Each structure stands twice: as C-alpha cells, then as structure tokens.
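Peer 1: Working from the sequences, and respecting the hints, build out all of it.
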Amino acid sequence: MNQHKIRIMAGQIKFLHDFFNMYEDAQIKVNVEQLNKVDMYIVVETALTEDETVRYVKEIFKKTPHGAALSYAIQLA
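For the sequence shown, this note's numbering assigns the number 3 to the initial residue and increments by one for each residue that follows.
Simulated from the structure, these hints should not be mistaken for lab results. Take every hint as true, because none was put in to throw you off.
Under the rule of at most 27 Å between Cα atoms (straight-line distance), these lysine-lysine pairs were calculated in the DSS-like manner:
1. K31 / K65
2. K64 / K31
3. K39 / K65
4. K60 / K39
5. K16 / K65
6. K60 / K16
7. K60 / K7
8. K64 / K7
9. K16 / K64
10. K31 / K7
11. K39 / K7
12. K65 / K7
13. K16 / K39
The following label-pair restraints were derived from C-beta to C-beta distances:
14. R9 / Q29: 17 to 23 Å
15. D41 / K64: 15 to 21 Å
16. K39 / A71: 18 to 24 Å
17. K39 / M3: 29 to 35 Å
18. M3 / R57: 16 to 22 Å
19. V40 / M3: 25 to 31 Å
20. A49 / K16: 25 to 31 Å
This structure is a prediction, so every number in the text was calculated from the model and none was measured. Backbone N, C-alpha and C fix where the C-beta goes; we use that ideal spot for every residue, glycine too.
Peer 2: Okay, here's the thing in structure tokens:
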C-alpha cells in the first residue's frame, strides 16, 4: 500500500476538510495531516500511483454538491 501526501488549496477549505476528514472507500483511505486557513495536507493510503491518486481525489470531490461550486486545487505535496 502506497502513501501519497497531497496538498489541497481552497478559499472555502472547510468544505473540503469536512468531506475528506477520515474519508475511506474501496480505492483510498484519507487522513488529514494539517489544516490551515486556505489549504490542507492529506495522506492518502492507496494502491494507486501518485498521478492516479491526485486524479481520483479530484474526481470524487467533483461529484459532491460543493465540488461543482467551489474553486480548489489538488496537487502532490
């Protein structure tokens, strides 16, 4: 199992934090490592590669009600 550190940036970081805090599904398990005013760092446990993990995290949040409305960036830390 791989661990990838990802940085998520957003003006409304609370919505992303609420979604990803302790998130788990068949592909990934997420732990929030650090929460700041406009960004947060998460550690993702997964069998996916780094690039696949970033794409997957973007896609799952995009499907939420806030995902289509908020401006955010997700990248490797």
